[in-house]
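K.L.:
As a plain string of letters, each chain reads:
There are 2 protein chains.
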Amino acid sequence: MSANRSEFDLIRDAFASGYPEAEHVLLGVGDDCSVVAPPSDTTLAQSIDTQVAGVHFPQDAPAHLIAGRALRCAASDLAAVGAVGQGFHLALTLPDNQNDFIDDFARGLRDTAKALNLPLLGGDTTSGKQLIVTVAVQGWLPLEQGLKRHKARPGQDVWLTGPVGHAALALPTVLANPAQDDEHTAAYYHPDVHLAFGHLLLSLASAAIDVSDGLLQDAHHIARASGVDLSLDAQQIPTAVSQEHPQWNACLSGGDDYQLLFTASSSARDRIRACALTAGLEHCGIIGSVHEATGDGRVIVQQNGQELTFERTGYQHF
Amino acid sequence: MSANRSEFDLIRDAFASGYPEAEHVLLGVGDDCSVVAPPSDTTLAQSIDTQVAGVHFPQDAPAHLIAGRALRCAASDLAAVGAVGQGFHLALTLPDNQNDFIDDFARGLRDTAKALNLPLLGGDTTSGKQLIVTVAVQGWLPLEQGLKRHKARPGQDVWLTGPVGHAALALPTVLANPAQDDEHTAAYYHPDVHLAFGHLLLSLASAAIDVSDGLLQDAHHIARASGVDLSLDAQQIPTAVSQEHPQWNACLSGGDDYQLLFTASSSARDRIRACALTAGLEHCGIIGSVHEATGDGRVIVQQNGQELTFERTGYQHF
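Top line first, the protein sequences correspond to chains Z and R.
Going by my numbering, the residue at position 235 of the first sequence is 401; the numbering climbs one at a time, nothing skipped.
Going by my numbering, the residue at position 255 of the second sequence is 421; the numbering climbs one at a time, nothing skipped.
Hints were generated in silico from the structure; no laboratory data involved.
It should be emphasised that the depicted structure is a prediction, and the values quoted were computed from it without experimental measurement.
All C-beta atoms in this analysis are idealised placements derived from N, C-alpha and C, irrespective of residue type, glycine included.
Warning: the hint list may mix true and false statements.
As the list claims (entries may be wrong) - Only some residues are given here: those of chain Z computed to face chain R with a beta carbon under 8 Å:
1) A203
2) I214
3) H255
4) D269
5) D270
6) I375
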């Protein structure tokens, strides 16, 4: 009895090989569960991230770019807590008759998994009306370490690893011509995942978050979780366009650049700068400071002592 | 800046509390990653499982039943490897304007999480055309243990924990009246998850799988992975209806009962029977035997020495 096995085989073959291997992976794709042996004296950091066609990426974007972006966006959560990547599980929902799509998607996933050194541990493929990619990533942290959103304290600096806004400004191009994979759309399709730098920050930073909902929205997440205000200096924020550009506001609210926003004591400045240079993050710098709370996690953007206001602070799915 | 926060808040609140707590969970819902401290000298077993509205459950099924079923189906993979449950992550894709749905869904998820003692570790909620529930479950295994599909050996017994077919036969009722939650639809909405029994099997069984694609299809998965044939005795297979019933074939190919199908040496028979009684599995019994391979994982169903043939062996998503 082997009728109708072709789709099982197709999917199994597409995702079966070519991923980075790791000795801690005892059982990968193909059984009921994956089995991983975590390094001793570590904790397990995990995150799950879903990307929906037409919501998070254009429906007709090339499959390998969709795959790469989905894995990068998910892995960025590991960077935000300072974890070392261990692997990922994939849940893929596909419209029918997408055999060509699967091969191209699998290629993009494999290439990105290699670049990030993340083995594929397992997955589930289902049929649905819309392409949906869910990635569950995991990594390890040294015992009792890990960057968290709630640890920002008044008096600390606010840092950003690099410019925000490139992905937001690439969006019209991405929507008009989803297959265009150039330096402008690269920020959108291939966001840098700061895994190595995030891990270096473990002993240097207090709170951290990856900028996925927009700088202002994610700054608010830290401020709220920590019970503080964040004051940002407009002129210190590295952005895709200068402050005079009509799209400057969009850079601060547009999300999706996956830079790390973090807070740290001023005593750590020199070491953070050294780590940033080592990691090649030439635009990493201080963009503001942490203050006693005056509200439910306020984020104030100032320029020459004036508070700027924004109509929109970040992306909302609903 | 706190505009448009209502949906973030709604979702956060719906899933924020009421889940079983566990000391190994160091950081749960609300940060970039969850952080879990695995027990020492264990490995981590994980699985990801997606359920799509209109494919895996009726579109208009009650939200709490959808949630409970999704978590049970995913957790069943832990049972199939013998793992002790540790927690789960949820990725939920929802059509717009589903506020009522979220509350009812969260209630069902919470109740089931309590019943299975699985803390909610984290999640992601997105907007899409179709309701899609992805659950990533995890559990722990003692070092160098774990039931796997490829360990069936010729001469061993084939066991099944209980009857198959109830969920398949409930399907017409479920489709006609998705809200009907009675003893017939219970097998569909609330499949038993054999976590405790699966863990007991660690030292007794060789290969195991949970029956989700249909008994014959899942038996084939074991046979193929192990490089053996499985011979099943039609009269020994516990089914929802007797063999004379026109729906008997559907019981063997219908999937979705989440019984455990496993293989074990005959020397383990008495201990397995004792464990099954302890776990309340009165219908757990031997349904066949493992043989040298004569093909690519053949599954033969025999009755009085005659081989039965089936047009359909299991459910296919594509």
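K.L.:
All hints, please: hold or fail.
P.N.:
Quick rundown of the hints versus the structure:
1. At about 5 Å, the closest approach between the beta carbon of A203/Z and any beta carbon in chain R falls short of 8 Å, and the interface hint on this residue holds.
2. Nearest Cβ of chain R to the Cβ of I214/Z: about 4 Å, under the 8 Å cut. The hint holds.
3. The criterion of a C-beta within 8 Å of any C-beta in chain R is met by H255/Z, whose closest approach is roughly 4 Å, and the hint holds.
4. Below 8 Å, beta-carbon pairs count as interface contacts, and D269/Z has none with chain R, the closest being about 15 Å; its hint is therefore violated.
5. A cut of 8 Å between beta carbons decides the hint on D270/Z: the least distance to chain R is about 17 Å, and the hint is violated.
6. The beta carbon of I375/Z is positioned within 8 Å of a beta carbon in chain R (closest approach about 6 Å), and the interface hint is therefore held.
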